[in-house]
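> The primary structure of each chain is shown beneath.
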Amino acid sequence: MATKILTEHINVPGIETFDVYRKQGGYTAVEKAIKTMTPESIVEEVKKAGVRGRGGAGFPMGMKWSFLAKPEGVPRYLVCNADESEPGTFKDHYLMKNIPHLLIEGMIISSFALGANKSFIYVRGELMYVIHILEKAIAEAKAKGFLGKNILGSGYDLELVVQPGGGAYICGEETALLESLEGKRGNPRNKPPFPAVKGLYQSPTVVNNVESIATTAWIVNNGGEAYAGIGIGRSTGTKLISASGHINKPGVYEIELGVPVEDFIYADEWCGGIRPGHKFKALVAGGSSVPILPANLALTLANGEKRLMSYESLSDGGFATGTMLGSGGFILFDETSCIVRNTWNFSRFYHHESCGQCSPCREGTGWMEKVLHRIEYGHGHQQDIDLLVDVAKKIEGNTICPLGDAAAWPVASAIRHFRDEFQWHIDHPSEATQPGAVYRGEMALV
Amino acid sequence: MEDVKPQLLKVTIDGIEVEVEPGTTILQAARKIGPAVAPPAMCYYQPLKGSGGKCRACLVRVAAGSAKDPRPMPKLVASCLTAVQDGMIVENETSPQVIDARNGVVEFLLLNHPLDCPVCDQAGECDLQNFAFDHGKSTTRYEEDRRTFEKKDIGPYIQLHMTRCILCYRCVYTADQITNKRVHGVLGRGDASEIGTYIEKAIDNDFSGNVIDVCPVGALTDKTYRFKNRVWFSKPVDAHRDCPTCSGKVTLWYRGEDVIRVTARKNEWSEVLEFICNTCRFDMKKTSDWTIEGPTKISRSSVISANKYRADTIKPSFGQRLAAAEYKSIHDERDTSQLGIKQLAPERFAKVLPSALDPEP
Chain A
1 MATKILTEHI NVPGIETFDV YRKQGGYTAV EKAIKTMTPE SIVEEVKKAG VRGRGGAGFP
61 MGMKWSFLAK PEGVPRYLVC NADESEPGTF KDHYLMKNIP HLLIEGMIIS SFALGANKSF
121 IYVRGELMYV IHILEKAIAE AKAKGFLGKN ILGSGYDLEL VVQPGGGAYI CGEETALLES
181 LEGKRGNPRN KPPFPAVKGL YQSPTVVNNV ESIATTAWIV NNGGEAYAGI GIGRSTGTKL
241 ISASGHINKP GVYEIELGVP VEDFIYADEW CGGIRPGHKF KALVAGGSSV PILPANLALT
301 LANGEKRLMS YESLSDGGFA TGTMLGSGGF ILFDETSCIV RNTWNFSRFY HHESCGQCSP
361 CREGTGWMEK VLHRIEYGHG HQQDIDLLVD VAKKIEGNTI CPLGDAAAWP VASAIRHFRD
421 EFQWHIDHPS EATQPGAVYR GEMALV
Chain B
1001 MEDVKPQLLK VTIDGIEVEV EPGTTILQAA RKIGPAVAPP AMCYYQPLKG SGGKCRACLV
1061 RVAAGSAKDP RPMPKLVASC LTAVQDGMIV ENETSPQVID ARNGVVEFLL LNHPLDCPVC
1121 DQAGECDLQN FAFDHGKSTT RYEEDRRTFE KKDIGPYIQL HMTRCILCYR CVYTADQITN
1181 KRVHGVLGRG DASEIGTYIE KAIDNDFSGN VIDVCPVGAL TDKTYRFKNR VWFSKPVDAH
1241 RDCPTCSGKV TLWYRGEDVI RVTARKNEWS EVLEFICNTC RFDMKKTSDW TIEGPTKISR
1301 SSVISANKYR ADTIKPSFGQ RLAAAEYKSI HDERDTSQLG IKQLAPERFA KVLPSALDPE
1361 P
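Chains as they are written, first to last, in our numbering: chain A, 1 to 446; chain B, 1001 to 1361.
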């Protein structure tokens, strides 16, 4: 049985209440951290654990914490990024809804480690019921003395605030999130300075994903080395994967990093295989912003080895043959999916969500969407495919924040791996625009 | 007390080395060298704090981060925001990657900006026109409909034509930083975003006219001047007055005897030197209101100086010298003897233009 760090008690009835959570061993990590550990030693444990940011970028969390500037007389902040809104990603939402105290426990430990006396959980505004669940949990924790003034008699104070966001995807980008939290329009800031030096209200700030923060309770209880013992290579610990698409059992699964992609798809424990009678066509492994892979490359590396669910293995070979683990939004497509329509759909999302600050993203995302729309609806020209590749290239890397990259990668990779399909749409407009029409030409189906 | 000078940092831009003070950005260092290597900037505006980083026109490649850490930076960086390090090597016009990215930025900016310079009030004073001319292509690959807007009155003196706006945010920063009450900002998202005022608000602050000067394109125009004239028919003259609100240092734009427009003075990067008040800009349009200082210096390459000659202007002989030096007689095998065509020998040009066959001066 695989180790469960976050979801071990998630199915216990009433786990969303303080009492049940406490009975399952909840808040012991807070007691241990505040009574027996120093902030430095907690940071040290997190570093040892080697946990990488679960929001998508995969930056080592301990390293991020150690970058935090500590000037005298200036408050420091911890902000939990719960603005999860990438198409295909729904793991944080699941965690907060089912086991809110795990996040709150993590927030207390992390805030203590970083010396923050006021911390924020920035939740996507659409998830109002999750916000109510979190607020109720905070009130319970406060009543039991785990939050507020003088926590457990240690002299440490912490106020925890839940802030609903406006429902913009861009507010998940950490600097745009901070702008939004300050009450401004959610536009990403220019970096440097990074939030660790000048973040919320110009003070040193750490922004972490829900899942990253939730792991700290386990790390404090069991030690960083125990955490680093799970997983493979530099991808330590477990990861929540939100699996969706044409699989038998969509849902949120906690896996130890290093599980083969093939096992994850076909094992009954997880996705339970492709839906009956169909074949595996393509995979988006880490949320809609990462490059799409055809079935053969999704299961094996370029050198023929099995591809694993880990940061390194999924990105093997760069974007030519690899993708990214990203946020863990695992979307599988079978042969009934039209890649052109799917890419257009992703592109539509990024066009809608671009903040409009910098010109390549503001204009380029819209342009790509319109060209893809044209191809999908049978009005594409031969030069459109190269045009898309070129526009994506001119957006990628030239924007203020990674939204430009997130918009460009799905388009560029879809054309890289499924160029025939785009070509078919252009060559056979009358066929391609029929309802449910899908390219049936040469495809590497598994 | 000993005067402590900060240690200067050496930075090489396009092979030209320059020494600058710590904290200088790449763009400022490049401007110190001169216009030949200065990256273009559509949103960066030195007098406005926090501007820059949005248009991505000034992207450059950092080929070596510093003398200590000579690794190149992985992505192109916005030169208006990136501070120089000692020993940094920057590629601007010499990097094909930069040229390509800049080419892309021109294309993106022109997707929703009409190329109607002949009927635009900003023609001749438009940064985007210059940027597109220097870095753009002659054709577009964009086939879709472009967005258009009705003209909007956003105050007694200023008209907004969103069709031309490239969302550089300069006017928003101006209103934020030099007026005490900002009533306009950016509404909407992505390519649907637009400059707008709060519901039924008008921009009527005493310094609001400056948003016209900072607009790099023809989106914000002066209602008292709009379509009264083309800029190259007018004559700019520096003048000042004793103004209780602002510095009172302006440029008057004459047509014949009449002052048709008053603007703040600008430097060679078309950034205003000092912001001026609305009284100076809109109400003082008589020569008698001003103390005239003399003609404004305008770059010869600017369209504004077209058809204007000054006694001290030396006419460029370079072009004629070059033409004469590169003169080649036409190779023509036809028998022209019967047509009465005379072939002129190169020596003939030497008589017309004594310096023509000289080597470089």
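No lab work stands behind these hints, which were simulated from the structure alone.
Do not take every clue at face value.
Short derived list, chain B residues pointing at chain A, Cβ under 8 Å [said to hold, decoys possible]:
#, residue
1, Pro1072
2, Leu1076
3, Leu1167
Here are the simulated DSBU-like pairs of lysine-lysine, each with C-alpha atoms no more than 35 Å apart in a straight line [as the list claims (entries may be wrong)]:
#, chain 1, residue 1, chain 2, residue 2
4, A, Lys191, B, Lys1266
5, B, Lys1005, A, Lys198
6, B, Lys1235, A, Lys198
7, A, Lys393, B, Lys1032
8, A, Lys184, B, Lys1181
9, B, Lys1075, A, Lys64
10, A, Lys198, B, Lys1285
No residue lacks a Cβ here, since even glycine has one placed at the ideal position from N, Cα and C.
> Each hint should be assessed against the structure and marked as holding or not.
Status of each hint after checking the structure:
no. : hint                 : result
1   : Pro1072              : violated, 13 Å
2   : Leu1076              : holds, 6 Å
3   : Leu1167              : holds, 6 Å
4   : A:Lys191 / B:Lys1266 : holds, 29 Å
5   : B:Lys1005 / A:Lys198 : holds, 28 Å
6   : B:Lys1235 / A:Lys198 : violated, 48 Å
7   : A:Lys393 / B:Lys1032 : holds, 32 Å
8   : A:Lys184 / B:Lys1181 : holds, 16 Å
9   : B:Lys1075 / A:Lys64  : holds, 21 Å
10  : A:Lys198 / B:Lys1285 : violated, 47 Å
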